[in-house]
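Go by the hints and put chain B onto chain A.
The lines below spell out each chain.
2 protein chains.
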Amino acid sequence: MSLPVPVLKPDATIGIIGGGQLGRMLALAAARLGFRCHVFAPSPDSCAFDVVHRVTIADYTDTAALDRFATDVDVITYEFENIPAETAMFLSARKPVLPDPVVLATTQDRLVEKNFIQKLGIPTAPFVEVSSPDALKSALEAVGRPAVLKTRRFGYDGKGQITIRNGTYPSAAWREIGGQPAILEGFVKFDREISVVAARGRDGSVACFDVTENQHRDHILKTSRAPAAVSPTVAARAREIAESIATAFDYVGVLAVEMFVVSKGGGHEVLVNEIAPRVHNSGHWTIDGCSVSQFEQHIRAVAGWPLAQPIRHSSVEMTNLIGSEVDDYAAWLAVPGVALHLYGKGQTRPGRKMGHVTRVLSGPK
Amino acid sequence: MSLPVPVLKPDATIGIIGGGQLGRMLALAAARLGFRCHVFAPSPDSCAFDVVHRVTIADYTDTAALDRFATDVDVITYEFENIPAETAMFLSARKPVLPDPVVLATTQDRLVEKNFIQKLGIPTAPFVEVSSPDALKSALEAVGRPAVLKTRRFGYDGKGQITIRNGTYPSAAWREIGGQPAILEGFVKFDREISVVAARGRDGSVACFDVTENQHRDHILKTSRAPAAVSPTVAARAREIAESIATAFDYVGVLAVEMFVVSKGGGHEVLVNEIAPRVHNSGHWTIDGCSVSQFEQHIRAVAGWPLAQPIRHSSVEMTNLIGSEVDDYAAWLAVPGVALHLYGKGQTRPGRKMGHVTRVLSGPK
Numbered sequence: 000m001s002l003p004v005p006v007l008k009p010d011a012t013i014g015i016i017g018g019g020q021l022g023r024m025l026a027l028a029a030a031r032l033g034f035r036c037h038v039f040a041p042s043p044d045s046c047a048f049d050v051v052h053r054v055t056i057a058d059y060t061d062t063a064a065l066d067r068f069a070t071d072v073d074v075i076t077y078e079f080e081n082i083p084a085e086t087a088m089f090l091s092a093r094k095p096v097l098p099d100p101v102v103l104a105t106t107q108d109r110l111v112e113k114n115f116i117q118k119l120g121i122p123t124a125p126f127v128e129v130s131s132p133d134a135l136k137s138a139l140e141a142v143g144r145p146a147v148l149k150t151r152r153f154g155y156d157g158k159g160q161i162t163i164r165n166g167t168y169p170s171a172a173w174r175e176i177g178g179q180p181a182i183l184e185g186f187v188k189f190d191r192e193i194s195v196v197a198a199r200g201r202d203g204s205v206a207c208f209d210v211t212e213n214q215h216r217d218h219i220l221k222t223s224r225a226p227a228a229v230s231p232t233v234a235a236r237a238r239e240i241a242e243s244i245a246t247a248f249d250y251v252g253v254l255a256v257e258m259f260v261v262s263k264g265g266g267h268e269v270l271v272n273e274i275a276p277r278v279h280n281s282g283h284w285t286i287d288g289c290s291v292s293q294f295e296q297h298i299r300a301v302a303g304w305p306l307a308q309p310i311r312h313s314s315v316e317m318t319n320l321i322g323s324e325v326d327d328y329a330a331w332l333a334v335p336g337v338a339l340h341l342y343g344k345g346q347t348r349p350g351r352k353m354g355h356v357t358r359v360l361s362g363p364k
Numbered sequence: 000m001s002l003p004v005p006v007l008k009p010d011a012t013i014g015i016i017g018g019g020q021l022g023r024m025l026a027l028a029a030a031r032l033g034f035r036c037h038v039f040a041p042s043p044d045s046c047a048f049d050v051v052h053r054v055t056i057a058d059y060t061d062t063a064a065l066d067r068f069a070t071d072v073d074v075i076t077y078e079f080e081n082i083p084a085e086t087a088m089f090l091s092a093r094k095p096v097l098p099d100p101v102v103l104a105t106t107q108d109r110l111v112e113k114n115f116i117q118k119l120g121i122p123t124a125p126f127v128e129v130s131s132p133d134a135l136k137s138a139l140e141a142v143g144r145p146a147v148l149k150t151r152r153f154g155y156d157g158k159g160q161i162t163i164r165n166g167t168y169p170s171a172a173w174r175e176i177g178g179q180p181a182i183l184e185g186f187v188k189f190d191r192e193i194s195v196v197a198a199r200g201r202d203g204s205v206a207c208f209d210v211t212e213n214q215h216r217d218h219i220l221k222t223s224r225a226p227a228a229v230s231p232t233v234a235a236r237a238r239e240i241a242e243s244i245a246t247a248f249d250y251v252g253v254l255a256v257e258m259f260v261v262s263k264g265g266g267h268e269v270l271v272n273e274i275a276p277r278v279h280n281s282g283h284w285t286i287d288g289c290s291v292s293q294f295e296q297h298i299r300a301v302a303g304w305p306l307a308q309p310i311r312h313s314s315v316e317m318t319n320l321i322g323s324e325v326d327d328y329a330a331w332l333a334v335p336g337v338a339l340h341l342y343g344k345g346q347t348r349p350g351r352k353m354g355h356v357t358r359v360l361s362g363p364k
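Heads up: the sequence lines are chains A and B, in that order. For the first sequence, the positions run 0 to 364 when numbering that gives the first Met the number 0 is used. For the second sequence, the positions run 0 to 364 when numbering that gives the first Met the number 0 is used.
Pulled out of the complex, with its shape left as it was, chain A reads as follows (with noise of 0.2 Å):
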C-alpha cells in the first residue's frame, strides 16, 4: 500500500466513494461503530447522502474535488468496482484507499481475472480471448454452443453480454456488445449457483460468511438463501476457494465470489464465475440473519479493528425488490418475521435495485 494505514478511532472519518446502497448500507454500518462517513458521488440524488455526516457531489475525474475529499477523510474504501483507476491512484496518493486498488486491475477486467483465478489452481468455465469478428468464429469452434460473449470490462448485472445460441450470426453479437475487446465463455451446466461472502482483515485473518445460494432472473440476482443447500465438502471447498482469492490479493475488506456448482463424476466440482470486490448483493442477508453484518465486517476491515466472528442464528431468504417490485412493500411488511429494506431511490426504473426483504425462514441453522 501506497502509505501508511492507521488504525481508526471510533470519532474517524470513512470516506466512500460511490453513492448507492452498498454505499448506503456500509455508512449505517459505519455509524453503528461510531464513526462518520463522507460519500463521493457524482449524482446529486444518490440515496447514500441521506443517511451520512458529508457528501461531495462531483465527477470521479474531478480534482480538486477528489483533493478535498480526500483532506476530509481518514480513510476511503468503495461500494462499486468500476472505479476509474486514475481516480483510485490520484487518491491512494493522498489517503490509504483499502481495499487496495491494485485489486481493480484484476477485476475490472474478465480475462485477467479468469487467469488470475486459473493460476490459483481454481476452475472457471472455459473462456477464450476475443478481440475480433474473425476470433470469434475461432473461439466459438473451441468453446462450442451456446456460448456467452462478454466484454472485458465494465460489464454487470447481464450488461455488455450476449448469449450466442445456434442461429445467432457470430457478426451479429459482435456488434451487438460495441465491438469491444471481449472473451467467449462457455456454458457450464450447474446445479447452483453460489456465493461466498469473505472478510479479510489487515492482520491476514479471513472470516466466510455462510455459503449462500442464488437465483438470477435476466441476468440480476433475485434470491439468495442462507445456507445454501450444498454438502460440508461442497461448503468446505466454496469457503477455501473465497480465502484463497481474498489472500492471493492481500485484500483488506469485503468481497464476494461467486460460483457454480456442477456435477463431476459421482460427486461436485466448484467452478469461479466472478469476483466482486466489494460488499455484495448475495450478502445482504447477512444484516438480519447472521450476528454480524457484511457491511460491519467490510468498516472493521477497512478501520484496521478485528473482524467479528459471524455467527448466523437463522436460515434466512433475501429477495430483491427490483423495479416496481418495490410497489408491493405494503404487503411484505405484514409478512411475519420479514425485515424489508428500502434504499431511498427516488426513481423507480425497470431493473433498478430499489430495496430487498429478509425472510426468516426457521430459527437457528
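Hints are not guaranteed to be accurate.
Under the rule of at most 20 Å between Cα atoms (straight-line distance), these lysine to any residue pairs were calculated in the SDA-like manner [to be verified]: (1) A:K188 to A:E268; (2) B:K8 to A:W331; (3) B:K221 to B:D44; (4) B:K8 to A:E324; (5) B:K8 to A:R351; (6) B:K8 to A:D327; (7) A:K8 to B:D44; (8) B:K136 to B:Q160; (9) B:K8 to A:E268; (10) B:K94 to B:Y59; (11) B:K8 to A:Y328; (12) B:K118 to B:E242; (13) B:K8 to A:A329; (14) B:K8 to A:V337; (15) A:K8 to B:D326; (16) A:K8 to B:A330; (17) B:K8 to A:R348; (18) B:K8 to B:T70; (19) B:K8 to A:A330; (20) A:K8 to B:A333; (21) B:K8 to A:G322; (22) A:K263 to A:H218; (23) B:K158 to B:G178; (24) A:K8 to B:W331; (25) A:K8 to B:K136.
Source of the hints: derived by calculation from the structure; they are not laboratory data.
Frame of chain A; chain B shown alone:
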C-alpha cells in the same frame, strides 16, 4: 390528534426532536425503511446529526426554526420526554406529532403519572405528594424510612432524587432537590427490576417485546437481559400492564414501562415504577436479538405502517458503556457474538452513555 395523520410513503421525511443516541438509532432504523430524517436539536454536536438528511440546530423555543422544521417534514416524533409543552403544542398545530404530546403532560410529572397508573388498577410503590418541608415530615411518617424524595418534573438517570435514610434530615433532603414540588416514594423491596417495551400502531394493535430484566448502577441502567428470568405468569402480567397503559393513552409509537417484581403471599406482584413515552435503553437488545428493533417499530407506528411481529431469535445481554467504559471498545470487539454500538459522541463525560454492547448468550430462546 390535532391534524389528520397521513400514512407515509417510503420517500417521506420524518422529523425527530432531540439529537442524542435514541434519535440517532431512530434515524438509522428509518433509513432502512427508506425514509429521510430531519433532526431538530439545540446542540451543534448532537450525535444524531451524523446520520440524517437534514439538521436544525436551534433552541426548542425558537419558533421560526420550529416552523421551518415543521414545513420540511411529514410527521414529527421525539426521542425524549422532556420537550417543553409549548414546543410540542407549537409543532402539533403545524404537523402531526406522534406520540400525541398530551401523553407528556402525564409522564413529565411523577405525581400525575402515578395517579394515572393507579387509576388503571395497576399498583405502584407507595407515594405521597410533597410540596413543602412540613409536608415531607408527615409524608415520612406515612411512608416510613428509607424513602426516596423525587422532584415531580425533569428527573432521569437518578437526577432530581435523594434517598432519605435513618439520620437524613428532611429539611436537608428538601434543600437537596431544590425545594421543588416532589413526591415521596416508599422503598420497594423488589426481587427483580423488569421492563416491557411495547409498540402500539395507529390501528390500536399492540406488540410487546419480550420482558427484559434490568440492573442499574448509580441510578443508570447498566445491563438488560432478555428474556427476564420470571415466570410465565409474571411475564404475561407485565405485558398486560404495558398494553393497558399504551391503550389508555391511545398511544402511537413505542413506550417502555419499568416495573418491580415483588414477592407477595406465595407468588409475585408486579408494580409499575415509571413510564417512558419513547424508545428505551432497556430495548436496545432488540437491534441484535430480534427480528425487528424497537426503533423500527417506533418508525413503523409513526409512519402509519403495520407493526412487525417481534420474534426474538437469541437470548441476549445488553451492557451500557458509560463514561470512560467506552475506552474498552477494542476489548469488546474481540468477544465472539458481541455487537458493539458506539454513539459518535465526541466527548466522554462521567455518567454519559457513550455506547452499548449486545452479547448473544445462546442460540434461540
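Hint check, failures only: The structure breaks hints 3, 9, 22, 25; every other hint is satisfied.
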